[in-house]
Amino acid sequence: MTPTATSLTDRARREWFLLRFSWHMQDFPQKQYRQIKRDLRRELTTAGADVGMRQAVTDLGHPWTLAEGYAAELGRRVPRWTTGIVAAALAVGLIIYLSLAYALGTNDTLEAMGGGTVTTYPFGAETIFTNTADEISLQTSPSPAGFAFVVGSALVAFILGSRLWRAFR
Amino acid sequence: MLVLLLLTEGESYGYELVTRLQADGLTDIAAGTVYPVLARLEREGHVSSRLVASSSGPARKYYRPTADGAAELATALRGWDHLSDTVRAVLDRAATPKEQ
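Those protein sequences? They're chains F and R, same order as listed. The numbering of the first sequence is the numbering used here, which starts it at 1 and goes up by one. The numbering of the second sequence is the numbering used here, which starts it at 1 and goes up by one.
Worth flagging that the hints you see were computed from the coordinates, not collected in a lab. Because the structure is a prediction, the values reported are computed rather than measured. Certain hints may be false.
Cβ pair distances, simulated, as ranges [to be verified]: (1) R:76 x F:90: 41 to 47 Å; (2) F:26 x R:84: 39 to 45 Å; (3) F:5 x R:85: 50 to 56 Å; (4) R:59 x F:72: 27 to 33 Å; (5) F:76 x R:5: 23 to 29 Å; (6) F:22 x R:85: 42 to 48 Å; (7) R:84 x F:81: 41 to 47 Å.
Idealized CB from N, CA, C, for every residue including glycine.
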């Protein structure tokens with residue numbers, strides 16, 4: 001007797017669950033995660049043959065809860081690299097947003113005061129704002145302090161977001 | 001402890017083990033609870049596994065306790081007995097009316 005083939009719908013249902021599960025397992029030790037995913041795919045296929053894939057997937061609960069179960073059984077807390085990267089990107093994004101807000105605010109102030117040119121030094125970077133009838137411009141150059149501020153902010157956000165200290169326990 | 005105990009009674013694949021636990025009274029237990037436990041037991045060397053071809057689907061991964069698993073089970077059972085005795089003693093004392 002040949003084994004029953006898994007239908008296309010069931011395979012799609014299984015793989016969709018595994019895809020969502022893998023999203024929540026991104027920070028899990030990769031070697032162990034690959035083994036877990038292999039086992040889980042096999043168990044889902046097996047259970048699917050017994051009770052139907054819909055029920056097999058339902059029995060596993062939410063992928064996030066299942067991932068938390070595996071993390072709990074790991075016996076130690078692992079760094080959350082993905083969260084760290086997202087936090088660092090958000091920190092850099094926030095700095096870019098605030099810089100733009102600062103530039104637009106300065107330009108509006110300059111315009112309200114009748115126009116002209118003003119030079120400021122945010123983080124030591126000479127920045128020239130010009131708002132005249134002929135020209136609206138901003139000239140700046142990178143500064144070590146500005147660079148250190150951006151990199152430092154991203155680094156702090158990454159360390160806090162990823163719980164980096166867990167890697168050294 | 002129960003997972004190791006049931007696997008000592010007879011090897012099982014994951015989903016079958018879940019149904020055995022449910023049949024034994026743990027009706028609320030889900031596959032999502034048992035699989036992580038099996039993964040840990042295998043990682044720690046308390047259970048071993050083998051693939052068995054099935055006529056009704058893919059090969060199934062059967063688990064059975066190792067010698068380490070048997071030792072772990074014995075330790076867990078002793079711990080459970082101790083806890084059970086302690087709880088029983090406290091309950092009995094609480095149920096006995098105090099002398100005036």
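Hint-by-hint comparison with the structure:
no. : hint                    : verdict
1   : R:76 x F:90: 41 to 47 Å : 45 Å, holds
2   : F:26 x R:84: 39 to 45 Å : 41 Å, holds
3   : F:5 x R:85: 50 to 56 Å  : 53 Å, holds
4   : R:59 x F:72: 27 to 33 Å : 28 Å, holds
5   : F:76 x R:5: 23 to 29 Å  : 26 Å, holds
6   : F:22 x R:85: 42 to 48 Å : 45 Å, holds
7   : R:84 x F:81: 41 to 47 Å : 43 Å, holds
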